[in-house]
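Student: If you read the sequence shown in the numbering used here, its first letter stands for residue 5, the second for the next number, and so on.
What the hints contain is simulated information worked out from the structure, not anything from laboratory work. Beta carbons are placed, not taken as given, at the ideal position from N, Cα and C, and that holds for glycine. Some hints could be false.
[To be verified] Here are the simulated distance ranges between beta carbons:
1. Asp31 <-> Asp184: 43 to 51 Å
2. Pro8 <-> Arg161: 37 to 45 Å
3. Ala41 <-> Lys146: 21 to 29 Å
4. Pro214 <-> Gln144: 39 to 47 Å
5. Glu76 <-> Gly44: 24 to 32 Å
6. Gly18 <-> Arg163: 37 to 45 Å
7. Gly44 <-> Pro214: 42 to 50 Å
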Amino acid sequence: MREPLSVDLDQPPGPLCSAQTYFFDSDAPTLAAFARATAGDAATPREKAVRLYYAVRDRIRYDPAFCNLSREQFRASAVLAEGRGYCIPKALLLATLARAQGIPAALGLADVRNHLSTPEMLEGMDTDRFFHGYTVMHLQGKWLKVSPAFNLSMCERFRVLPLEWDGRQDALLHPYDALDRRHMEYLADHGVVWDLPYERVIATLWARFPGYMARLAQGEGGRFQPSRAAPATADPAPFFPPGGS
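Please work from the sequences and hints to get the whole structure.
Tutor: What follows is the structure in structure tokens.
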């Protein structure tokens, strides 16, 4: 099933990749101010993009135990205000900050396997296959993929190599950690979207991680608002199936 919000990376960016939307709220005053302050005196879009990347990577803490699940929590300005989130909200935030600085950007979705998942995470999620988000930006005439998920302090704690980026090539999660152990494996790419397909994302989380989502709906971790986040009893929306869309 082709996602109606899809972006064709074989084509130059259209106006939708610079648009303000409910989720990509690049016109939010606090977000726009953060983007300006972070970009600072950067002279080129590439330099601005790199500064924004490191700000989101390290100043927005990766926290898989805190799930942004309601519509309000998925807005980029809300992710910025919270100061933490998992990979999809962090990637959406980086794309929105890029748009606020005039850089066309979008959100990529994929399946990854984390070979270094903690026992607690594996028990809580019942899988080592995770639904992942990354950022796509158009710089110097080409689309680049970058993942701002893991902050530096977390990488140091778990001996994972921090993901560096120079704005000239893709920077997706490392396949090996600092001890040369297998780390992150990309299993399937679900494509790139110019706006968040919220219902499909939430439906995918329910389909992939029903036990975890049910615990969140009961108030165990995160700030889940089931009335606003497609509870499991709702008519199922199309979801991103494992292995591709």
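Student: Evaluate each hint against the coordinates.
Tutor: Status of each hint after checking the structure:
1. Asp31 <-> Asp184: 43 to 51 Å: Because 45 Å falls inside the window, the suggested range holds.
2. Pro8 <-> Arg161: 37 to 45 Å: This hint holds: roughly 40 Å between Cβ atoms.
3. Ala41 <-> Lys146: 21 to 29 Å: The hint (21 to 29 Å, Cβ to Cβ) holds, given that alanine 41 and lysine 146 are roughly 27 Å apart.
4. Pro214 <-> Gln144: 39 to 47 Å: Check passed, 43 Å falls within 39 to 47 Å.
5. Glu76 <-> Gly44: 24 to 32 Å: Holds: the Cβ-Cβ distance is about 30 Å, inside 24 to 32 Å.
6. Gly18 <-> Arg163: 37 to 45 Å: Holds, at about 42 Å.
7. Gly44 <-> Pro214: 42 to 50 Å: Between glycine 44 and proline 214, where Cβ atoms are some 45 Å apart, the hint holds.
When held up to the earlier numbered hints, the structure conflicts with none and fits them all.
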